[in-house]
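2 protein chains.
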Amino acid sequence: MSHPDPAPRDPAVLEALFRPKAVAMVGASTQPEKLGYQVFRNLAEAGFGGPLYPVNPKADAILGRKAFPAVADLPEAVDLAVIMVPARVVPETIRACGRKGARAAIVISGGFSETGPEGDRLQQEALAAAREAGIGLVGPNCQGVNHPYHGLCASWPLLTTRGCVGVISQSGTVGAALMDWASLEELGVSAFVSMGNRGDLDESDLLTYFAADPNTRAIAFYLESIKSVPRFLRAMASCPKPVVILKAGRTPKGRKAAESHTRSLAGRDEIYEGAFRQYRIHRAATLDELYDTAKALAYLRRPAGKRIAIITSSGGSGILATDAAEMAGLDVAPLPEALRASLKPVLPPHCTVANPLDLTGDATAAMYRQVAEAAAPHFDSLVIIFGDPIPGASEVVPAGSPHAVICLGGAEVEREERARMHRKGIPTFPTPERGVLALSHLTRF
Amino acid sequence: MSHPDPAPRDPAVLEALFRPKAVAMVGASTQPEKLGYQVFRNLAEAGFGGPLYPVNPKADAILGRKAFPAVADLPEAVDLAVIMVPARVVPETIRACGRKGARAAIVISGGFSETGPEGDRLQQEALAAAREAGIGLVGPNCQGVNHPYHGLCASWPLLTTRGCVGVISQSGTVGAALMDWASLEELGVSAFVSMGNRGDLDESDLLTYFAADPNTRAIAFYLESIKSVPRFLRAMASCPKPVVILKAGRTPKGRKAAESHTRSLAGRDEIYEGAFRQYRIHRAATLDELYDTAKALAYLRRPAGKRIAIITSSGGSGILATDAAEMAGLDVAPLPEALRASLKPVLPPHCTVANPLDLTGDATAAMYRQVAEAAAPHFDSLVIIFGDPIPGASEVVPAGSPHAVICLGGAEVEREERARMHRKGIPTFPTPERGVLALSHLTRF
Chain A
498 MSHPDPAPRD PAVLEALFRP KAVAMVGAST QPEKLGYQVF RNLAEAGFGG
548 PLYPVNPKAD AILGRKAFPA VADLPEAVDL AVIMVPARVV PETIRACGRK
598 GARAAIVISG GFSETGPEGD RLQQEALAAA REAGIGLVGP NCQGVNHPYH
648 GLCASWPLLT TRGCVGVISQ SGTVGAALMD WASLEELGVS AFVSMGNRGD
698 LDESDLLTYF AADPNTRAIA FYLESIKSVP RFLRAMASCP KPVVILKAGR
748 TPKGRKAAES HTRSLAGRDE IYEGAFRQYR IHRAATLDEL YDTAKALAYL
798 RRPAGKRIAI ITSSGGSGIL ATDAAEMAGL DVAPLPEALR ASLKPVLPPH
848 CTVANPLDLT GDATAAMYRQ VAEAAAPHFD SLVIIFGDPI PGASEVVPAG
898 SPHAVICLGG AEVEREERAR MHRKGIPTFP TPERGVLALS HLTRF
Chain B
498 MSHPDPAPRD PAVLEALFRP KAVAMVGAST QPEKLGYQVF RNLAEAGFGG
548 PLYPVNPKAD AILGRKAFPA VADLPEAVDL AVIMVPARVV PETIRACGRK
598 GARAAIVISG GFSETGPEGD RLQQEALAAA REAGIGLVGP NCQGVNHPYH
648 GLCASWPLLT TRGCVGVISQ SGTVGAALMD WASLEELGVS AFVSMGNRGD
698 LDESDLLTYF AADPNTRAIA FYLESIKSVP RFLRAMASCP KPVVILKAGR
748 TPKGRKAAES HTRSLAGRDE IYEGAFRQYR IHRAATLDEL YDTAKALAYL
798 RRPAGKRIAI ITSSGGSGIL ATDAAEMAGL DVAPLPEALR ASLKPVLPPH
848 CTVANPLDLT GDATAAMYRQ VAEAAAPHFD SLVIIFGDPI PGASEVVPAG
898 SPHAVICLGG AEVEREERAR MHRKGIPTFP TPERGVLALS HLTRF
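Protein chains in written order, with the working numbering: chain A, 498 to 942; chain B, 498 to 942.
If we strip away everything but chain A, and leave its shape as in the complex, we get (with noise of 0.2 Å):
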């Protein structure tokens, strides 16, 4: 074979790292503006059931937790340990947390290869120490990990809803970003893993653990360079999830400014979509789409095909999505004879009964209903458009379906339909073309 594998990964620094019996945060600070505190709060408010010590020469206590002046002082054996000194001391702290057992640790602090030569020797040798030591090690300089099924919030802002995307991002904000939108939706993440420099854990092995994550539903990265094409592609093959990557750098000047940033080749973007394309991964051209591509991946049952009924009280939203389908590549197919017969009855006098097919601003939760009942036989999958306040909203599409439910204009009573159906794990999308671009993405293979 041409690209022979690297030695897996000992399962046991996967566990370590997503699932710690005992965390130390060394370098957790006693001071509220400093990120050292702030992470160490999160670790100590996001329910971890185990110890957990923070370690700082200079504190008593933390937030009410006895500190230690080093981690040769712990009083037992950690599995996990978060780092945030400064770089010149990470290869002896990462040697020190080897001899207290740790197999993984999450480098957050800054100062290595991405500032140059000296750098760059700093995280060589502190690659060198985590290998001896049998530690698998994410970042340097990097925003955590978040993995709220553990109650592990080595990461921030502090987020603990329990979601089914999976999201691995070369960019702490980017992955921030889709894990606060998630939170305020109320549908949360599996894992958020900020992969930083990828000095030592890449892309490829965090692919393989998602795979088999129970979890995990469908996996959303963000990427500038992918570090090993060919192993990622061979864990791509065996992965039985959907993946969909936001590639960054996609134009010249921005592939340069990918380059500057990770310090590493970008590649041309044609190399990366014909692998894409050839392996199912489905690649989206913005935040918002990976964003909403990752929520219909995890949540919507793939349709058997692209014909789509749209079901719409908003005229005006209908024909938006017709668009959006059409230029997406869904067959927006006309309703079949029988299909008009049955929803006439159903039906205000004064609907038109075509596709879309628009309730008018009379459409109540029981009407969407009836009407969904009677066309979803008749299509892959509908797109349901609540164009209005409609109670009971949250009521007419069951979680697990491949219909892609859209709110918009309808404020509060919105807002709380919205929130009811995140959290039975129906997703709904923000505007006709966001749902209907992430529908498609379902039909792409």
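There could be a bad hint or two in this list.
When chains are identical, the list treats them as one kind, so a pair holds in a single copy or across two.
[Stated by the list, open to error] When the alpha-carbon atoms are kept at most 20 Å apart in a straight line, the in silico SDA-like pairs for lysine to any residue are as follows:
(1) 531 to 910
(2) 531 to 859
(3) 724 to 617
What the hints contain is simulated information worked out from the structure, not anything from laboratory work.
Take the given structure of chain A and dock chain B to it, following the hints.
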């Protein structure tokens, strides 16, 4: 001239519509679940300073206000009538309102030309009655009018935030969505008009009105067709304010749906495309782009050219912004040598001094301000991305600048700073792509 104008609108009609002295709502309901109650409640609660009379033959009072059995029984003249009675009694209601001094009517009721020949006959009768009485009519079959600067919410939902964007929509839902988003963002609108069937007052009349309205800085349209293209372009030619249009029905099936919705010819998309370009009308491809572009047009100063600098705390967001700028025709130009030299001492040592300029996670509001002030003279505009929780971010850019501010990944701190900016009239955008696309509109004509 090949397209003679119809008589220009009597200014008293538009004054009565947007700044009435006394308002009657015919069809106000006592039942909270009815729209006829909700609209009356919104009228009562939006802060209107003049007398407001509910007309309902079966009620003594509604929301503590004495109700009158018929329009003829009103104790004084009213200049605006809000009408929500069954279609068949709308013509006689309009006649009665005319006798009571009305110069404008908002007919929310449906059941007119959108329903077929009988409804069309009723609509013609209603229009004839309005013409005879000298009444200007919005609707029928519409979501009403909201004019927060006059405390007038003859629409739903109840939204009272005052802003600088005039929203004119052929879809009630699309307009309500724009208003709702603007309200959530504390930006508000200058006015919202839902045109419904556009029996009388149309986009050309309203464009002329908003062109002169002192509170409106930019005008956002959702349109499925233009009633009279020559008249609209004439109005456009004498409008000193920027206009953005989301024209639905761009694809053949979308166009067919639009023609069915409005029962009028939507017209080939290429015709619109050419006319829009010639008359410097901004065209939005999606609802998000309509909203974002209207914000940019209303609140940002127009940059002198296309040269931008991207300043960010998030390398990834900077790359996404670079990609988006390249695709939108903006020029992410190299930093001039003099600027590079002057920035070096301000920046953390590990910053790469380039465009995009990544201040890294160490960025503070003070650092942003210093860098923005140094960079602004060298570029036509700045794209400033707050990709972390940055306390004080709202102090970095003044209102009325040509700079686009993008906020993401900053959770609670971000929400506070964003709200502060919006209250000061500084617009923010939620993703790099959306902010850059909106900014690019400002450099198009």
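Verification of the supplied hints:
no. : hint       : verdict
1   : 531 to 910 : between (40 Å within a copy, 14 Å between copies)
2   : 531 to 859 : between (54 Å within a copy, 11 Å between copies)
3   : 724 to 617 : within (17 Å within a copy, 65 Å between copies)
Checked against the numbered hints given earlier, this structure breaks none of them.
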